[in-house]
Amino acid sequence: MLDENKTFEPLIVAFCCNWCSYAGADLAGTSRLSYPPNVKIIKVPCSCRVDPIFVLRAFGKGADGVIVCGCHPGDCHYSTGNYFTRRRFTLMFNLMDYLGIERDRMRLEWVSAAEATKFARVMNEFTETITNLGPNRQIVDLRNLPEGYEDLEREPHREILPPATDKSRDIPSVAKIEEQMKLRATKLLADGVVDRVLAWKKGDHETMPEPAFFDHPGQIEDLVYNKYCAPNLSKYLMNAPWLGGKLFDGSTLVFLKPCDSYSFNQLIKENLVNTDKVHIIGIGCGGTVQVEELEDAGMWEKCQVCTKVSHPVGDEIIDLSDDSPRLEKDARFELVEAIEALEAPDRFAYWQSQLSKCIRCNACRNTCPVCNCKRCVFSSDKMDMASKVNANEFEEQLFHIVRAYHVAGRCSDCGECSRVCPQDIPVHLLNRKFIKDINEFYGEYQAGENIEAPEPLTSYDLNNDGQIDINKGVRT
Amino acid sequence: MSKTYKIALDKLPELYAQTAENRNLYLPIRRGGTLNFEAWHKDAAVDLYGLKTANTPKDLFLPQSEDLYTIKMDGTNIEVFAREFFDKPFAIFGIKACDIEAIKVLDNIYLSKQPVDMFYKARRDNAVLISLACNEPKNACFCHAFGLDAGNPGGDVTTWINGDNLYIQGQTDKGSAYVEEMSGLLEAADFGDLSGLQANIRETAQNLPYAKLPLDKGFTSEDMMAMFNSEQWGSFHRACIGCGTCTYSCPTCSCYDIKDHDGGDCKGVTRFRCWDSCMYPDFTLMAHGNNRLTQKERFRQRFMHKLMYHPMNYEGQFGCVGCGRCINKCPVSLNIVKIIKSLAEVKEDANA
Amino acid sequence: MERIGFFVCHCGSNIKATVDPDVVLDGVRGIAGVVVAEQYPYMCAKTGQNMIADAIRDNQLTGLVVAACSPRMHEATFRKVAEAAGLNPYMVEIANIREHVSWIHKDKEEGSQKAVALAKAAIAKVKLNAPLFPEENSVVKRALVIGGGIAGIQAALDIAEAGFEVDLVEATPSIGGKMAQLDKTFPTLDCSACILTPKMVDAASHDKINIMTYAEVEKVEGFVGNFTVTVRKKARSVCMEKCTGCGDCWNKCPVKNVPLEFDLGLQNRKAIYIPFAQALPLVPVIDREHCIMFKSGKCGLCKTVCQPGAIQFDEVDELVEQKYGAVITATGFETINLDKFGEFAYNDSKDVITSFEFERITHGAGPTGGELVRLSDGRKPKSITFIQCVGSRDVTGRGKPYCSKICCMYTAKHAVLIKDKYPDIDVNVFYIDMRTPGKAYDEFYRRGAEEYGVKYIKGQVGKVVDKGTHLELSAVDMLDNVQLDLKTDMVVLATAIQPTASAKPLASKLSASIDTNNFMTEAHVKLRPVESPTAGVYLAGAGQGPKDIPETVGQAGAAAAKVIGLLSKKVLLSNPCTAAVDPKACNGCSLCSPVCPYGAISYGPMEINDHGFKTLERVSHVNLALCQGCGACVVVCPSGAMDLQGFSNKQLLAEVDALC
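Protein chains in written order, with the working numbering: chain A, 1 to 476; chain B, 1001 to 1352; chain C, 2001 to 2660.
Think of the hints as simulated: they come from the structure by calculation, not from any bench.
Treat the hints with care, as some may be off.
[To be verified] Here are the computed lysine to aspartate or glutamate pairs in the EDC-like style, where the Cα-Cα straight-line distance is at most 20 Å:
(1) B:Lys1341 <-> A:Glu270
(2) B:Lys1296 <-> A:Asp276
(3) B:Lys1259 <-> B:Asp1117
[What the hints assert, rightly or not] Taking CB as the label site, the calculated pair distances span:
(4) C:Asp2610 <-> B:Asp1043: 15 to 25 Å
(5) A:Asp461 <-> C:Pro2308: 35 to 45 Å
(6) C:Val2316 <-> B:Gly1234: 31 to 41 Å
(7) A:Arg137 <-> B:Gly1050: 27 to 37 Å
(8) C:Gly2397 <-> A:Ser324: 49 to 59 Å
(9) B:Gly1050 <-> A:Phe248: 34 to 44 Å
These numbers were taken from a predicted model, which means no experiment stands behind them.
The beta carbon of each residue, even a glycine, is placed where N, CA and C say it ideally should be.
Here chain A stands alone, though its shape is the one from the complex (with noise of 0.2 Å):
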C-alpha cells in the first residue's frame, strides 16, 4: 500500500481569492517556502466567487483533491464575500460526506496575504494527507454502478431502501372540504371574484385526478379532492413568461394544501408569483397516496412524517375537523440520520445504489416549486455543462448534487421531487439533509414560512457561523 502510494501523484486544484490567499502564495514564493507542486492554483476575485460546481468539475475531471483559500473572516477584501463562502462549503461538504464521499479531499482554508508560512503548511498538510487517501474515483462513479457491483447490495444500508409508502395509516376523509371547496369555487367564479380556479379535476379514473384550471362555475362539478390529490399547485401560478403562450391576466382563485402553500410563499418571496392575482383558500390535509396500477398504495413517506398543518399563506382555509389525527413528533430527519450513522463506504454504496437508477427524466426539477429557472444549468450552455442525458459525462453525476445545492435554504420539504422519481429515487433525503444541517448550524428555518426571513445561504450571522468547523462538519 505504501509503496503504491509512493508513485502516486495527486492532482491538487487550489483556488486562491485574490486578494488574502493568491498574495499569501505569492509570498510563499517569495519567501521561498517550498509545498508540494502537486498544488496548482486557480485565481479568483474572492473565495464567494467559488461555485460549488467547480470544485465537482475538479473532482470529476480528475483532481484527487480541491482546496479553497480566502480570507479571513471579517478580513474580506468585499466585506462579506467570505461568509457566504462559510456556509456555502460547510453545507457542502456535509453534503458530500452524506453521499459518502471522503471529505478530507475537500478543505476550506483561511489565509491572509501575510500567512506564506501557514500557506505553505497547509498545501504540505493537505498534499499528504491526499496522496494517503489514494486516486479519487467517487465523483465520478456516483452514478455508475460498477462492474460486480455486489457490494453495493451490503446489508447496512439495506433496510434505508427509497422510504416506504404504509398502508395502514388512517387517512382522515376529506370529502367535507371537498363540499366546501366547490360551493367557494362556484361562489367566487359567479360573483367575478376570480375569473378561474386552480384545484384537482376528475381524472378518468378516481386514482387519477390532475391538477386543472376551471373556467366557469357549471366546470366546478368535475372539481375533486381526496387522498389522491398529491400534485403540489404552487408552480402551475408562477408568473413565468418565458414559458410560452399568452401569460392570464386574471385572477386565479387556488386551493393550497399546507405543503403546497409553503411553496406558494417560497414563490412569493423569490417574486415569481403576482399575488395580487391570486386568492389563495389554504385546505386541510389528511395526507396523500401512492398510486400504482390505479390502487392505493399505501400513504407517501413525506405525508407520514408532515408536521405542517398550518398555513402560512391564505386569504381563507377550509381546513380538517379539530379532532382528524395531526402528527406531533417531527420524525422527518430519521431516514437522514440513518444514512448519517451509516460508515463511509456504506453510505456511498447507498447513494451509488439509488442515483445508478436515474434516468434524468428531469420528473424531480420540472416538478420542484424553486426548481423556477427559466432554463436549468443543466439545460443550457451557461455553466458548459448542458447535459442532456449524457451518462458518460461526469456532469451527469452531479446533477443531484447540484441540484440539492441550488435548492438549499430554498426548498420547504414538500417531498415532491420523491414522489414523481420514477425509479423511486429518494432525491428529497439530499435536500433534507442540508435542512438538517441548516437548522443544527444556523438555527431552524423553514423555507416558505415566513418571507421576510432572510435565507439561510444568501445571510450570515457572525456571532454564531465562527463556531462550525467547516472542514469536519461540526459545531466546536
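Add chains B and C to chain A, keeping to what the hints say.
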C-alpha cells in the same frame, strides 16, 4: 411450432448462470427498491413476479447516451475516430408482451427503412429476446386494446411461469438455438399444459379498466388535421409539467439528440447521442428558435406521434403498446388513455 | 478562431533555474489557437515588451498569455503593452510560474511540468476572455453630509474649504450633536461649547455649506458620483428667513412642561423652543405634539408676539431633491436603554443617573445651573460612585458585546472634575478594566487616582438600592476578593452607547451595510476604514464604531479627504470586471441582491426578445458603477444568468478542465 420445454423454478439460477456463460444476461432485478432490467450476477435479486420494470428493454438497444465518434485535433492536424459497433452478445430475459411489441416499434423506426441505424442494429443483432407471459396483468395494463396477447408474448423465446415450472419455447431460429444451448437444463414439456394459464391471462387482460379503448374512432390519416387542430389540446397540456418521465419510461419513445462534449483537454470532441424528449423546450431547437413554443405544442406532438404519425408511417402500427407505465409514472396523472378517450369523443361528437 | 500569443519569461535565472522554458513552449505548441510561442530573459523589460507588441501586431493576436511572475507584479504592465499594440488589455492572462513554481519547487522536471499545466490553464482561460471596456461616469460636484454633530460639521467644513458645495442634514432643530451637550472634554478639560461653537458658526456661515436642520433623508437613488437624494425638511412652523431668534415666542408660550430632549428630560421646555442657547440656526421649532394651537386650534400667542411674523402654522413638510457625488454618514450614537438593568435601580432612583445626565448636571446651562446636587432632594452628595461598563462588554445578552470605548476616559474626567471642585466628596469608580489608550489619557486617569484621590475599585456592582437618604451598593472588590457593602449618595452609570436609531434605515436607503450592532461597516476594516463598501458612501464618527472627539474629528477629516478626492475627478472609470446579467436567462428570483455588499443589484421589467417571441419580464440589473466584481451574486444564481466578466463560469471551468 417448435418444441416446448420446462425447468423447475428453483433451478432458474442455473439457467441464468448457463445463459450468462456466453453472453451478458439482463433481467428484472430489484435493486435499491426498484425493479429494472439490469445485468445479472449471482447475488442479484431477480424478481420475475414484479409486473412492470421501471425502465424498459429499450435502454439496452438505445442507451441513455452513446458515443458515436471522436475527433482529435493536434495543431492543424484533425483525425476522426469512429466508435466500434457494439459486438457483445446478450440476452434479455423476462420481457412482457407489451415490451416485445415495443421492440417491434423500434425495429420499424430504426431498421425498416434505409438507412438503418447501425448503432441500433448492432445491439439488436447481438440480442436474444426471451419473453415472459404476464400471469397477472393489472389495472394500468391495456395491451389488449392494441390486440396484444399477454399470455403469448412472443420474442425469440417465449416463457411462461406455470405452477412450479418455467415453460420455454423457441420462436425464432435465434431463439431455438438458445433453447438448444440450454437443453441440458431443460426437460420436455407439453404445450397443452399452458392452455389454462393462457386463457386466464386473456380473460384477466380483456377485463381490465382500459382493455377496450376506442382506437377505431378517428385515428386514421384523413382525420389527422381535425385531430391536430382539436381545441382539446388547449386544455390537455395544462397540467403537464414538461418533464420527460413519460418519454423516458416509454418503451417506444425513440427520439435522441446529438451533441458534442470535449475531453477537457481542448484537443478534440466526442460526438454522442442521447435520449431526448419532445416534452422539453429545447427539443429540436434550431437556430431560429423553437417551432413548438409552448407546452401545448410539445404535448400534442407526443400524442399525435404515438397515435397518428407513427401508424401513418408504419402501416397502422400504433406507437403505444399499452404497457401502462405512463399511467403509473406521470407526476400529474396525465396519460395516453385519457387522450385517446377524449380525442375519440370529439370524433364521435363530430359524427353524431 | 482565436490567435493566442504565448510568452515565457526567464526572469533572469529566477524562473529559468527551475523551469525549462523549452519544455514549457513544447507543452503549449500544438494547442489549438496558439500561433506564437516565444521566450525571453526579461519579458517585462523594454525589449521583452516590444517583442510582445510586435507579435500582437504581426500576428493579429486575439489573446496574450505571459508565463512570468505573479500577476500582482506585472499584469498591469502587460495589459498596457497589449493596449498600446491594439489588443484589448483584458485579453491578457498571466501564468504565475515564478512565485507559484520556480521559487517553491527545486526539481526542474517537476517545476517545468507544473509550469506547463499553469500555462495551459491560462491559455484555456484567455480563449474565453472577452474585450472589456471601463465605463465612464460623470461626477456631481456636491456632497451630502448626514448628521450635524462634530463629525458632520468637520467633514462639511473640510469639503467646503476644498471648494465643493456641501449639504449638511441634521434631524434635530440644531446642529451640534452630542458634543454640544458636554460640559468639559478630556483630557484637557477645556469647555466643550467653547471649542464646538466656533465650528458651528463657521459651518453655518460658510457660503459652500447649506445646513438643513430638522430634516431627514427620505430616499436615495443612484450611485457613486450620481446620487439623487430626497431630504424631508420637517415643518418647523417658523420661517427661517424671517425669524430673528429674539425669543419672544418661547418666552410667551404657555406650554411649560415638555421635557427638554437636549437636557435628557432633566429640564422642561416650551412647545415652541430652541434646544439650547447656542443653537444653530437660532430659529425655534414648534413641537406640534404639544402646541395648543395644533391640539385645539386655540392660542396662537407666539404668532401674536412675533414681530417679524415668522410663525407659520400652516407650514408643511418640504421634500428637497438634490444630486450629489458623494455621501458621508455621521449619524453618531445614543446611550442604550437601561430597562433591562434593574440591579442598578436606574428607573427607581433619581440619584442613579447616567454619565450623560451627570454631564448635564455639571453643565453651567444644565438643570441645576452647574450645581452638583442630588436630584432627589437637592442635597450636595458626600460621596459619588461611578459604575463602568453598564451594558458594555456585556455577556448577559442585555447590553452590547463591545467596549463603548469612551466611558473610562469620561469617567476619569468626571471624577477629576468633582475632586477638583469639591475635594470633600468621596469618589469611587467600579471598573472591569481601565482602558485608557490615547495621547495623555493614561496620565490623566492616573492623576485622578494618584493626585486627586479618586478611588478605583476593580469589581462589579451587583445591586443598588435607594434607601431614601442614601443609596446602598453591593459589590465585589476583585483584587482583594472581598464583598463590599457601600453607602453612597449618588450613582453614575457609564451606559453603553449604540448607533442612533436612524442608522439602520439610513443604511438600507444607502444600500450601505451595517454590522450586527447596527454600526456602519467599513469597506475594509484596516485599509479602508472611512469608506463604506458602497462606493461613494463614506463614514465618520461614532456611527461607524465607538470613538471619542479627536478620533471622530480625525475620521471626519479623512472621510472629507476621500470625498474631495472623488469630487475632484472629471469622470469615474468603472472596473469592467463586473457582474453581468443575461436577461434572457434571468427569472428575477431575487436570490442575488441579498449577497451584494454594494447594493448594486436591482430588479425591474425588461422586454425580452427570444427569436421574435417578445415578453416583458422582471429581471435582475447590475449597476456597473457600484459593482466591485466579487462574484458573490454569480454563485448564488442557480441558472447561471449572472456571470462575472473576467472570471466567468466558463473561464474558470476551462481552467479547471485544463488543470485536471
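Evaluated hints:
no., hint, verdict
1, B:Lys1341 <-> A:Glu270, "violated (39 Å)"
2, B:Lys1296 <-> A:Asp276, "violated (27 Å)"
3, B:Lys1259 <-> B:Asp1117, "holds (17 Å)"
4, C:Asp2610 <-> B:Asp1043: 15 to 25 Å, "violated (52 Å)"
5, A:Asp461 <-> C:Pro2308: 35 to 45 Å, "violated (56 Å)"
6, C:Val2316 <-> B:Gly1234: 31 to 41 Å, "violated (56 Å)"
7, A:Arg137 <-> B:Gly1050: 27 to 37 Å, "holds (32 Å)"
8, C:Gly2397 <-> A:Ser324: 49 to 59 Å, "violated (41 Å)"
9, B:Gly1050 <-> A:Phe248: 34 to 44 Å, "holds (43 Å)"
Comparing the model with each numbered hint stated earlier shows that hints 1, 2, 4, 5, 6 and 8 do not hold.
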